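K.L.:
Letter by letter, the chains look like this.
Protein chains: 2
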Amino acid sequence: MPRFFEDKYWYMQQRKAAMDLDKKEIIGNSIVLNSIEEKVNQILLAAKQDEIDNSYKNGKPFPPAMHFFEGKQLIEKSKVFQMIKIMPKGAALHLHDCSMVDINWLVYNVSTMDNTYMCTDKNNVMHYHFFTTPPSDPNCVWKSINAERKASKNVTLFNQKLYDSMSLVVDKPHIVYPSINEVWVKFLQVLDVANGFINYAPIFSAYFYEALREFREDNVQYLEVRGLLPEVYEIDGTTHNKTWVMETYKKVLQQFVKDFPDFSGGKIIFSGLRFWGNDQILDEIKMSIEFRQKFPEYFAGYDLVGQEDPGKPLLDYLDDLLYPSNLQSPVDLPYFFHAGETDWEGTFTDVNLFDAVLLNTTRIGHGYAISKHPQIMKMIKSRNIAVEVNPISNQVLKLVDDIRNHPASILLSQNFPIVISADDPAVWGAKGLSYDFYMTFMGMTGKHADLKVLKQLALNSLLYSAMSSEEKFRAIDLWKQKWDRFLMSILSNEEINMIG
Amino acid sequence: MPRFFEDKYWYMQQRKAAMDLDKKEIIGNSIVLNSIEEKVNQILLAAKQDEIDNSYKNGKPFPPAMHFFEGKQLIEKSKVFQMIKIMPKGAALHLHDCSMVDINWLVYNVSTMDNTYMCTDKNNVMHYHFFTTPPSDPNCVWKSINAERKASKNVTLFNQKLYDSMSLVVDKPHIVYPSINEVWVKFLQVLDVANGFINYAPIFSAYFYEALREFREDNVQYLEVRGLLPEVYEIDGTTHNKTWVMETYKKVLQQFVKDFPDFSGGKIIFSGLRFWGNDQILDEIKMSIEFRQKFPEYFAGYDLVGQEDPGKPLLDYLDDLLYPSNLQSPVDLPYFFHAGETDWEGTFTDVNLFDAVLLNTTRIGHGYAISKHPQIMKMIKSRNIAVEVNPISNQVLKLVDDIRNHPASILLSQNFPIVISADDPAVWGAKGLSYDFYMTFMGMTGKHADLKVLKQLALNSLLYSAMSSEEKFRAIDLWKQKWDRFLMSILSNEEINMIG
Ligand SMILES: [Zn+2]
Ligand SMILES: [Zn+2]
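Quick note, the sequences are listed as chains A and B, same order.
Here this note's numbering is used: position 88 in the first sequence is 94, and no number is missing along the way.
Here this note's numbering is used: position 430 in the second sequence is 436, and no number is missing along the way.
A portion of the hints provided could be inaccurate.
Because identical chains cannot be distinguished in the list, a pair is counted as satisfied if it fits within a single copy or across any two copies.
Restricting the straight-line Cα-Cα distance to at most 30 Å, the calculated cross-link-like pairs of lysine-lysine (DSSO-like) are [unchecked claim]: (1) 192 to 292; (2) 128 to 159; (3) 78 to 458; (4) 159 to 292; (5) 30 to 437; (6) 292 to 78; (7) 149 to 14; (8) 149 to 257; (9) 78 to 384.
It should be emphasised that the hints constitute simulated quantities derived from the structure, not laboratory data.
If you're wondering where the values come from, they're calculated on a predicted model, not measured in any experiment.
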């Protein structure tokens, strides 16, 4: 079917039409920028294109093509990153309870407190705990952290050792973590180590408050947190139940919003482990129904978490997950399933996408495998199910190396309802949402994708949150004020120089 | 929008329907297998699923997730690979003239001939040439290869050195080739080194004959080769022009088909370098028009090759490329453009996809970036433009690490017209098409994707070739006979044991 072109002019017309049609489908393309936004957009695009050309043409390292541990410092020097940092990004909808706060906070503000103890077990794994007097354990001998620190020859090194015990960050990540299984073993271990500090009752609320503070500092105004609702301990060894944990979250959120009225709050998504038995999951679902009545403003719904490939498929829990809708008077318990966080097409992990959608999940966590499933793509579009994309998580946890190969770039190019989140920023040394927004904007959208993409991603995070309509209305109103201040601060000379 | 399920049975019905719809869109799904094919399919699927589960469940290394240099030996042990090897795969439609033959053939059959000379230049790069008496060059002192080999203490090591000078294969590819630019520098260099042997007139035809032989041995029955139509030299220093090169290709193809009547032949796609000036490209296009009249059965059309990111965009050559259609009596010169062989969205390289399609390319070489462009996806589907996917090439040349992240998996899941090819198998130590078919089948389609996928890929390679209808008819007829023999050989016990 040969085509002949009358002339070059006609060719260029066809070309422009095709490229415009292509661009028209990208996320955010229904947005019309006002004249102030247009000016900011020019600054943003110039910075983005400079940075891309610096690599594309001049061969300089490109952070989205590098492992985050190796590219992080480069990102921090980026003008695009600086702009993203001060941009109001809306909500972080995919976070986990014990990995939201800079680990330095645990090292410098928590491990230095009275009554902190550490021990090293026979596998050379460290453990932390608060005690008045530590128990005697020959397999893991508890020592006062402050005494040990004092006795150490090098305090900086000592603190670094504490930091490393709770972090995945290493010098040569490709060598230390050759594949997904190694990195997950270490990942679960470092979370567990940090929990020794976090699950101490006074720290538990302080940690959550600090999380809100750090995200607010990164210009995020609302969080939805997957929480295990763990057993929280007091210094005398007594422990608290899940209701206490929810009460604590509620109190902290109330206090934080009181302290910072420009913050919209947050909600908890209770998360069971996808390795547990059916009875336990059913118990948690029943508890979730109860919590939703008891904490209507703070409890969003239920999810299952843990490494998905070795975990049980959602189908194994079908009876339990259908329980709320099969009650005599059906109850609406929103689900927020992690699903399809895998490179393995056609496996149980991959098929979880079908169950997540059919079980009417409100959003999908990761959904990394979605683009390989035309039917899932159709269903999430027609059902308006948002996909929570966490680019750095997927890279660090070994699904993809070069972020430019992240399959969500396909979803972004077709305006799927995407929200960007950070999953477990603390363990990979990120903070807030800005790093993940940077990866998305620089690595997963093209050279010409602009402020409209960022604005839509911020708006999506509020629109696809579990907030009530009224809460959303107030949050978006607040966001708009922040957005206008952001635009002005970019345009004001001081700011331009600051970030230049 | 909560949904309630009457019961589990109803849920499972919905689930099956959604999964069936999803699978219905994959490449090859219109094929209905006969009872013999069904039996072979069971053997194939059992082997595929075993191999996947061995990694997914037991954590064994998975070749598509590894660099080809590191996974090659594992692939060769795979039962799926053994089956793919003996399967008639149809045509190889994306190959380059000087990288089709196992480099060992150059080392053992060519470098050992009389009159072969080598020299090492000041950059420590080796050069090879045939001379009766070598010229004196102080910057690169020519020495007899056979004399050097004799004088060397270790002939194996000496031959290995020759091999390495023409190959990209190394022990630690991730360290030796940290990014696309380093690997391309080395890639162009090793091709250049091999050309010292290949472009000697008697070897030039022998090389092409050997290429046909090796691909036939890998159960490929037809080739389309991108050729630079290089300057070929005689021992006395005289050189041949492009017409001589085309004559030679024609003669070798005729001889080969005479020697092996079960082979369907081949065609040449003349390929300029995307770094050249407009005049040169226009000259080549005029020459292509001439060659198409002179060698109607052997000359397929025109393409532009070379690393695409630093190369000139197709748009730079627009006037030249439109020349055939803008003639008083327009001429149909088929194009086979390499386009979108990049991770860089929105750049010139990426935009080449639009020009390739609008210039009515017959097929797209690589098209790696296609899935990020909804409009390109629509256009290639409606215009029925096949995409030539070369998985190992894209991995070795640093577009993607884990083949499971190759974006063509999306195109495969939606039945785009895909053909699988090998690009430059010799330089990465592959042979024929089987390795690339293995990567595609194991890494780019799901656990349940079966013989229908492989059959469609083989058929596509004939259907989307540049053969005339009559040639296609004969080739497909030949292929069907081969296919039936393949089925029988899988089902015969001896074969099953052989590959078990
Ligand atoms: Zn998560
Ligand atoms: Zn090529």
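K.L.:
When the structure is checked against the list of hints, which entries are broken? Sort them ascending.
P.N.:
1, 4, 5, 6, 7, 8, 9
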